[in-house]
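Sequences are here, hints too, so could you generate the full structure?
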Amino acid sequence: MSWSLGEIGALSTKAARGCGMDWGLADEAGYAVKWLQRRQLPGIAALCRYLSWRQTGDITVWPDLTGDTGHYCPIATGASFGDGVFGDEAEFSRIRTPLLLIPFVALCAGKTPITISFENVVFNLSRDGFAYSSNDTAMLIAASHCRIST
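Mind the numbering: the sequence shown is residues 1399 to 1548 in our numbering, read in order.
A hint or two may mislead.
Restraint ranges, calculated between C-beta atoms of paired labels, are given here [as the list claims (entries may be wrong)]: (1) 1543 to 1483: 16 to 24 Å; (2) 1453 to 1531: 26 to 34 Å; (3) 1446 to 1404: 12 to 20 Å; (4) 1418 to 1513: 30 to 38 Å.
Derived by calculation from the structure, the hints in this document are not laboratory data. In this text, all values refer to a predicted model and were calculated from it rather than measured experimentally. By construction, the Cβ of each residue, glycine as well, lies at the ideal position given by its N, Cα and C atoms.
Structure, rendered in C-alpha cells:
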C-alpha cells in the first residue's frame, strides 16, 4: 500500500496526539515526519521509535539539564529552535531520536547554511537543499548529543 504525504502527516499527527502530545506539538510531529519522508529519510520509523519511548521515558523540559537519565523532546526542541529561542547555534546533551530535529533546523537554513551533527551523521542544510553523510544505522539512533552550527 502506498500512502500520500498528506496521509502520512495526518496519521503522524494523530499518533503523536494519541501518545499524549498537545495538539500544537502533535501537528509539529506530523510536519517533521512529512518533511523527512518527502526527502526519502525514515521519518515514520523515527516517530514510531520516539513515541514508543515517550510513553515510558523521562522527558526533560528545557532549559532544565537532562541529568543522567533525562532526554529532550526532539519535536519541542526543534520547534523552539525554529522559533529562534536558541539563536543560530545550539548544543544539546541528550536529544531523543535526533533525526526528528532536522526539519525544524532546515526552516532556518534559508538565511545561512546550517550544519547539524549527531553520532556519526552530519547534515548540511542550505536554501538550495541538504546533504548528509550516509550512515543509515546512526540516523535512527535512540539518543545523542547534538550540535547545530552555522
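Here is how each hint holds up against the structure:
{"no.": "1", "hint": "1543 to 1483: 16 to 24 Å", "in the structure": "holds (19 Å)"}
{"no.": "2", "hint": "1453 to 1531: 26 to 34 Å", "in the structure": "holds (31 Å)"}
{"no.": "3", "hint": "1446 to 1404: 12 to 20 Å", "in the structure": "holds (19 Å)"}
{"no.": "4", "hint": "1418 to 1513: 30 to 38 Å", "in the structure": "holds (32 Å)"}
Checked against the numbered hints given earlier, this structure breaks none of them.
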